[in-house]
Amino acid sequence: MIPHLGCKSGVKVCLIPAIPRSALLRIVWTLALPTKPHPMTVHSQRADEEQIKSFVKHGKHLHKILLPIFADLQFRLAFRLLPVRARFWFLEAVHPRIQYC
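Numbers in this note's numbering are just positions in the sequence shown, counted from 1, shifted up by 679.
Take the hints with a grain of salt, since some may be wrong.
[To be verified] So the derived label-pair ranges between C-beta atoms look like this:
id	residue 1	residue 2	range
1	R759	P696	46 to 52 Å
2	L704	K739	36 to 42 Å
3	G738	K691	51 to 57 Å
[Said to hold, decoys possible] Capping the alpha-carbon separation at 30 Å, the derived lysine-lysine pairs in DSS-like fashion look like this:
id	residue 1	residue 2
4	K732	K743
5	K715	K687
6	K691	K715
7	K715	K739
Derived from the structure by calculation, the hints contain no laboratory data.
These figures come from a predicted structure and were not determined experimentally.
Heads up, the beta-carbon is just placed ideally off N, CA and C, and yes, glycines get one too.
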């Protein structure tokens, strides 16, 4: 049974269920639809909403396992968020034009 809280309005006592604010907000609050594209889609037009959701879902688990520097590098490479000239600098000997836009 849910405990009740009361408030008095004149002679009348109004009882309302004592629901935590977080539970109440989950019931009545609606998420605002995004008005602009996700930042990950700006850098890669091939990434759609489902791929981003999947990456974030699995990425959170992997970030706990990997060392932070490797997790950050993997995240940035996955969505091409590294600065253009910083990408694959170590392959320049094999492919001289690798750092060009």
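Would you list, in rising numerical order, the hints stated earlier that this structure does not obey? 2, 5 and 6
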